[in-house]
Amino acid sequence: MAEAKPHLNLAFIGHVDHGKSTTVGRMMFETGAVDPHVIDEYKKEASAKGKATFEFAWVMDSLKEERERGVTIDIAHQRFDTDKYYFTVVDCPGHRDFVKNMITGASQADAAVLIVAAPDGVMAQTREHVFLARTLGVNQLIVALNKMDATTPPYDEKRFNEVKEEVSKLLKMVGYKVDQVPFIPISAYEGDNLIKLSERTKWYKGSTLLAALNDLKLPEKPTKLPLRIPVQDVYTISGVGTVPVGRVETGIMKKNDKIVFQPAGVFGEVKSIEMHHEEVPEAYPGDNIGWNVRGVGKKDIRRGDVCGHPEKPPTVAKEFKAQIVVLQHPSAITAGYTPVFHCHTAQIACTITELLAKLDPRTGAVKEQNPTFIKAGDAAIVMVTPSKPMVIENVKEIPQLGRFAIRDMGLTIAAGMCMDVTPR
Amino acid sequence: MGDVAVRMRVMPESIEVDLAQIKEKIRGVIPPYTRLHAVEEMPVAFGLKALIVVAIMGDRAGGTEELESNIGKIPGVESVVVEEVGLL
Chain A
1 MAEAKPHLNL AFIGHVDHGK STTVGRMMFE TGAVDPHVID EYKKEASAKG
51 KATFEFAWVM DSLKEERERG VTIDIAHQRF DTDKYYFTVV DCPGHRDFVK
101 NMITGASQAD AAVLIVAAPD GVMAQTREHV FLARTLGVNQ LIVALNKMDA
151 TTPPYDEKRF NEVKEEVSKL LKMVGYKVDQ VPFIPISAYE GDNLIKLSER
201 TKWYKGSTLL AALNDLKLPE KPTKLPLRIP VQDVYTISGV GTVPVGRVET
251 GIMKKNDKIV FQPAGVFGEV KSIEMHHEEV PEAYPGDNIG WNVRGVGKKD
301 IRRGDVCGHP EKPPTVAKEF KAQIVVLQHP SAITAGYTPV FHCHTAQIAC
351 TITELLAKLD PRTGAVKEQN PTFIKAGDAA IVMVTPSKPM VIENVKEIPQ
401 LGRFAIRDMG LTIAAGMCMD VTPR
Chain B
1001 MGDVAVRMRV MPESIEVDLA QIKEKIRGVI PPYTRLHAVE EMPVAFGLKA
1051 LIVVAIMGDR AGGTEELESN IGKIPGVESV VVEEVGLL
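Going down the list, the protein sequences come from chains A and B.
Counting in my numbering, the first sequence runs from 1 upward without gaps.
Counting in my numbering, the second sequence runs from 1001 upward without gaps.
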C-alpha cells in the first residue's frame, strides 16, 4: 500500500531556468506518477509525427495542463513515490516576493534538492535559496548539477568539479556539512543519473537522484521541544467560550494543560481541543487546531501571541541578534532602519539598531566589522529591537520560531534567523 | 516565467459569518493577473470553518501581497494566511 509508506516534504530550489520543473517532471514520469493517459496521448502524438525520440517538453506541458484542469486545493504541490517514501514536492517560485510565503507557510520541507545548471554555475537565486533553505531549517540537502548534456564538452567531469567546488563553498558558508551532501551530475532533459546511472558519466561514482532521495532520513516531529502555538485568530463561540486557532509548531498540548500566552502574559487552562471539528485529547506539530481556554477572554490575546506551557514560556525579546541576507533594497540599509518583521503569525515593526558584521557570501567569513551600511546581496549579523513586545526564539533552540522575513515598501527586503535573544 | 499556485486559509470574523457570501465576494476581488482555481470550506473547530482558497498567478514581482490584501478587506473576513506556494 502506497499510503503506508513514510512521507517526506521535499522542496526543489535553485535559480530560475536551471531546470527545477523539468527535474520534478522527470522524476514524476520515471517513478510512474504521471497519469497513464498522458503517456498514451504522448505516444499517439509521437507516432503520428513519426518521432522516435522522447520529447520530454511535451510531457511537461501536459502535466501542467492536467494540474490546472483538476479542481483541487492541493495543486501547489505534486507527489511521487519511490519504493521507500512518498514525497510531496514543492517547486519553489523564483521571485523574491514569494520568500515571505515560504518562511511563514505551513508545509515545512524535510529536505531540499538544489538544482544548479552546470554550464552556468552558482547564480544569484542559487545563493538566496541556499540561505533560505538553511533559514527554514532544511537540514538535508541534495545537490543536482543539471544540464550536464550542455557543458563543453558534454558531460564534462572538469566542469562538474568546478561547479561542485563553487556550490560547496556556498553551502559551507551557511553551515551545511558538505561531506554529507550528495552532488549528482544529471540531465533532467535526457534523464541521466535520475533513476539509472548514465553511461555518459562513467567518471561519476556516486548514486542516482532516486537513490539519494531514498537515503534521506525521516525527520522526527519536534514533539520534544517546548510547546509553541502562534495564535492566528481568537474567537468567542457561544456555549463554548474563548477559542484561539492556530497551528502547533512544536511540542504537544493536552487537554487540562496549564498554558500561557506571550507577550500578553495571560495564563489559562485548556478545556478542550478540536481539529477538523472533532475533539482530540492532544495536539501535535503540524495540527491546525482550535482550543477552548478557561480563564482567558477574547480581548486578552491576539494574533501574533504565542501559546506555551508556563514552565517553558515563549521568549519575549527585548532585543535579538540575527543573521540576515538582503534580497532586495532600492538603496542601502543602515542602523536605525525600521521595517516590519514577519515572524510566525506576528508582524511587528523592528529597528535594526546595529550592523555588527558583513559576511563574505563566498566564504562566510566576516568581511567587515561594524559596516556603515549593507545592500542587496549582502549577508550580515545585526542587532534588532522590536517596537513592541514580540515572541522570537533562538533558531538553535526552537528553529520553527526563530526565522523571519523583513518587509518594507511592499517588498521582501530580507530573510533571516535569530541567533541570540535578550529576554525582556 | 512559470505560474505559481497559492493556497490561502481565509478565516471569518465569527462563526455566524456566511461563508457562501464571502466566496462570492472573493471572485470579485481577484487581481487581473490572477485566476481563482478552487475554494473549499474546511472545518476547523467548535463549528468554525475556514475557506481554503487556491489562486494561480505568474512568478512575478508583488507576489501574493495584493491578493491577500484584497481578500482581507472583504467584510466578514478576519484573516488571510498563505499556507503554500508552489510552481505549477
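Hint data in this document are derived by calculation from the structure and do not stem from the laboratory.
Where is the CB? At the ideal position from N, CA and C, for every residue including glycine.
Treat the hints with care, since some could be wrong.
Covered by chain B, according to a simulated footprint, are these stretches of chain A (three or more residues, beta-carbon under 8 Å) [stated by the list, open to error]:
| id | segment |
| --- | --- |
| 1 | 100-107 |
| 2 | 135-147 |
| 3 | 240-248 |
| 4 | 267-281 |
| 5 | 393-402 |
Hints, one by one, checked against the model:
no.: 1; hint: 100-107; verdict: holds (count 7)
no.: 2; hint: 135-147; verdict: violated (count 0)
no.: 3; hint: 240-248; verdict: holds (count 3)
no.: 4; hint: 267-281; verdict: holds (count 5)
no.: 5; hint: 393-402; verdict: violated (count 0)
In summary, the structure is inconsistent with hints 2 and 5 from the numbered list given earlier, while agreeing with the others.
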